[in-house]
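Enquirer: One letter stands for each residue in the lines below.
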Amino acid sequence: MDFTLKIWRQKNAKAKGKFVTYKINGISDSSSFLEMLDVFNDQQVTKGEDPVVFDHDCREGICGTCSLYINGRPHGPDDAVTTCQLHMRKFKDGDTIVIEPWRSKAFPVIRDLMVDRQAFDKIIQAGGFISVNTGGIPDANAILIPKQNADSSMDAAACIGCGACVAACKNASAMLFVAAKVSHFALLPQGKAEATRRVQAMVAKMDELGFGNCTNTGACEAECPKEISIENIARMNREFLGAKIGSQKKVVKEGGF
Amino acid sequence: MTKLNSKIPQGPVATKWSSYKDHIALVNPSNKRKLDIIVVGTGLAGASAAASLGALGFKVKAFCYQDSPRRAHSIAAQGGINASKNYQNDGDSVYRLFYDTIKGGDYRAREGNVYRLAEVSGSIIDQSVALGVPFAREYGGLLDNRSFGGAQVSRTFYARGQTGQQLLLGAYSAMSRQVSLGNVESYTRHEMLDVVIIDGRARGIIARNLVTGEIERHSAHAVVLATGGYGNVFFLSTNAMGSNATAIWKAYKKGAFFGNPCFTQIHPTCIPVHGDFQSKLTLMSESLRNDGRIWVPKRKEDVDALRHNKMKPKDIAEENRDYYLERRYPAFGNLVPRDVASRAAKERCDAGFGVGETGLAVYLDFADSIKRLGCNVIEERYGNLFQMYQKIVDENPYENPMMIYPAVHYTMGGLWVDYDLMSTVKGLFVAGEANFSDHGANRLGASALMQGLADGYFVLPYTIQNYLADQINVPRFKTDLPEFDESEKQVQARLQKLFDVKGTKPVDHFHRQLGKIMWEYVGMARNKAGLQKAITLIREVRAEFWKDVKITGEFNEVNPELEKAGRVADFIELGELMAIDALNREESCGGHFREEYQTPEGEALRNDDDFMYVAAWEYIGDDKTPVLNKEPLEYEAIEVKQRNYK
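Listed in order, the protein sequences are those of chains A and B. Each residue of the first sequence is one higher than the last, beginning at -16 in the working numbering. Each residue of the second sequence is one higher than the last, beginning at 765 in the working numbering.
Stretches of chain A that chain B covers, calculated by requiring three or more beta carbons in the stretch to come under 8 Å of a beta carbon on chain B:
no., stretch
1, 17 to 31
2, 46 to 53
3, 98 to 111
4, 114 to 123
5, 136 to 148
Facing chain A, from chain B, some residues (calculated, C-beta under 8 Å):
no., residue
6, Val893
7, Pro898
8, Arg901
9, Leu933
10, Ser937
11, Ser940
12, Thr952
13, Met1005
14, Ser1043
15, Lys1314
16, Thr1316
17, Gly1317
18, Glu1321
19, Pro1324
It should be emphasised that the hints constitute simulated quantities derived from the structure, not laboratory data. C-beta: ideal position from N, C-alpha, C; glycine also.
Next up, chain B with everything else stripped away, as it sits in the complex:
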């Protein structure tokens, strides 16, 4: 029944990628100049792809909705980037990074892709250093490493708490150089609203110029979507305000399958929610778990005293503290993977031991580390994070433990892609968080940066070339073809439809409603009845949105309300697909926790017999239930086990 071919190369996992590279078709330099590639999104995956493809000699058009490519949300990644360099001599290797990633993803990722990711991880560090990324160093002048969750080695490279920023600025500078060389054209403040398909292949996009409101047509021989994740379905998340799913959702409606939409990462260490008008949640890097210990009070009377300000956290005696991660998972302690840490925090708070005004927070305490290492060392490692916390919460984390709570952070799901990172639409490639490929049901910390840059610097330059090799005689496409007419007409009609609702409520009202439903029923813990209810409620929000949304201003001008409306309309539809997928997956794995399926200790209980597959959903019409296609997962190099972090 499956129409999916993952195109994993034959042979042992360790030689798949090199044998792939040895056998692909190439395009000679004079022909590369005749081939156009559109890259949508300029985060780590998009900027590194644009820079690398431009350097090869392809003609690239790079699009972003921000006012500069440098502002894509990769910039906000804090903690670090993994690479299996084994600089620390602590037993790391390509195989071990591969193994940790598969295990961390709870055996729901593809072996071939993940091995390749681990294999190129070292080159990413080399490349970034050459581009001037000022990674942290030791006094001897060598690169420094720290540890991250889900690993027993120190393989994470970092630039203070701004690793994403520095890596993105590296890729952005490389892309800027290609702009000056004339190989990349940069289109800022542009939002992609449709993908144009000609004879079964992606050949262009329709984009709205966000300054003039004009609808533009752009053609190319291949299209790359690197538009990030869809965590903003939940309204409150650690994503940027503009992060959206519109590009991948339009592609889904044009025939690209959506892989594992329900796989969402709830990050354990974020600043707790403070009020109704909050617009986003701020992450406190996982790297803090290197030196911070997570705890809640053991006794209910202490919880009460704390909540009524009769006591300070430091007044609670050591024996009355429950370091629940260290208690439950002695081998990994505070460095268990994110899904495990998040659920453990929720478990304690649900049991009534949460702290803070709302009872939805736990402590992340640095007192021991400050005693052991001194304040200045902690400041050097995490200074900017501590400052950020103090600005938001108005409390000094050097003196009082931080309060944290899980929040939506990353989406492992995304458009289904094969080994070439091509979706089920020919010529439509998907990179970085926008695809589903490498993290299975849970992503390990410091692996998102690795994947984005792996896709852009080292995978797409090969796989796109392989795809384009037989198209060197295809002339540049004109944008007056009927397929462009049709696509633009649809885009115009939808924008007009949004305006024509002329309702009474602003867009945010519906987005908040959707977010509440998603968090309640499709969040950290899910169950059958809740998911069914969510689907009903989401449909109600959708109906109300199209009846009552109000958009001010005009079409042909800067209009952020119109932009938001289009994005929220897509989020509502995607939210429903997430619930459908979560309902279908009758097992718990990684970040997807179905309450019906757990071990007696409350750990996720997988069902490998029935669900060891990628769920790739196929769109067949607006009011029709999407069709489920299954890509079975096969493990040859790794023995499948229950995850154990004890």
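So that you can see chain A by itself, here it is in the shape it has in the complex:
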């Protein structure tokens, strides 16, 4: 298959970027999108030109490293996949493919298609955990967890932290990412003890890092490669309101919160 690629090139965080058009020929339809870029980069290197920089690692849709805004959609035209799981058979021979990095203030471009997503780590550090140290834990079966709750918690915990939700959102909101983590813990008895502190701390950090607000468009859910539901956002809002109204104390800066 042959394609025309319009790729965002940007030397570094400070440089001005631009689209550059390239041609690529002889791509197999069973190639993945990133394998197509591998072939492209090998050609660039052979010609002595800079290969295009993009993030990728596991290439099986679970590490959340790969990104790419492809023809106006995060992770491209297929549903419920990451870019590394997108295959060229989803395109037509001769297509023009536009490839951009994630676009969000909180995810600045590092180079070409590579962005800085440390903001997500900071949100987790603000409260996306259960405060237990290693050891001295009661038996794993000591606390029963209804199967439905464990399953719903797992649905939320399946988030891979890729940032597609932010990239898809017109407000660059991180609500789906944060809500998934809040829900994952809120649905488990182990996460209940510090639920009110957690949701407030994570939301405050999200706001501080420059992510936008949620206006219920639902683009995040539509583009999420792991099909995380926006029900989680509703749950987070409920948790947040409950915490705000119900909490007696201020959010104490302690134990990471």
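Here the structure of chain A is known, so what remains is to put chain B in place on it, guided by the hints.
Expert: Relative to chain A, chain B alone:
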């Protein structure tokens, strides 16, 4: 002749670990704050170690090459984690998990380490549940289990097909909490390029900041390498693209011995290779063998008809199917260990019964289970795996059997460590897949997650403390010491040397070449002539690489080609060591199959008289043959037998 002391505690195997813990030296809380520990790698072993050491009060610096610690390749582990909880009342115990692991490893692992692993396995589950890992549960609210290869009990805990992800996110969240408490500093997009040794002890690392290109110095009282395995030597493997051996290879060159480098695990159930530009192979979890039956056609005419699309697999009558694992191994059937299943698949394909376009595939068929349990149960158990398969292959596995073939997945070999998980370099600890310790010649399914977390949560916090106890008066190290100067100079020189080649071919070209040689001659079946040939060919690739590799871009910027070049240069050297080790080991055991040494039925034939040892290779110079050191293996609690899964 051996310089190796495994430091296994005295006494019966069942009390070694508790007696060790009773007698080690400890560091009091106010002194812990004065001691620094570097942890390289943030997978299960690294993240759990950083979290646990940070919680104890040590000052930890955690490094990873990824953009977030959460993305380490442990995240991709699918099937599950073993623990001897015996929740199923089916006869499990610490001893049985210990026994299965030793037997699965074909009697090439150390008893003391493996018993400890089995002993702490239950605590890992407790710890993970407390951290919020949403393991699968039954309707009554208790934890669910499934079976895995090499065991006759159900002891595997799982979170759908994403167990590694959930366990890693648990360890990552614990580590994140320590970051917020100020006990752990996280350095992402950093790659370790050397270990710094001062007065015979590991005291720091040289790392490259992958965003700015800057070479950085970091000092500490102890260094932990938890940088994973080296399966990417084969180019195509189930590892992540960035998974590499550079950290352990640099440590090897600084004096850490390399244990059993040839012990590689070829996983039986991966999606077959499809073309020349493929970049990696995707695993289909071993858990699928719980409900899937593996077969190929019995008749050559059916093989032809399938290959020419004149027939569908479901058109082949039951009596014309060869369920070869059930036929050869009735007791374990489709749940034989991975090495056995892989070789059996290769045997059928080599005999001309393979399916698919290339003839290098066998069927993994769910039709019977779907009939017995219903589609929805199968979907609940394996939904994400089926989806993954469909996306890659463009075929519906609910309707047609999956096609699978073995692929490189895990390396049992790694840096040699003693009972403390310390390498032959003092103060340099190695955890998880990066060390050689617990799996012998073959790792059982769902044991990698167990080992990574055992090392990080429950072993290193004790053994590092024991090591550091007499160093509470050693002040923090400055990074302007001559040892740091020297190390940084070497790192700079090597990077410059890579740039200066200014050849014509991209890095991947050499990596692919290396991979082909390794797969052909150092893969699933090996022999003397092939291994000798491999060594010659690898040396040729190495010479050509240093003559003709081309790296674009600059030093002080994001430069993935430069990163890859450094890693591939190390893989080439490591590939040669693997071939040397495989040549030396004149026996078949576990994943190491030498064609010269097999039983009449084609099973691996060990030679316990001459090879019941760990081969620990010592680096003595770039163009010198490494020196072989032997650690004899002694079995006290287990009787050594030929493995039998019939």
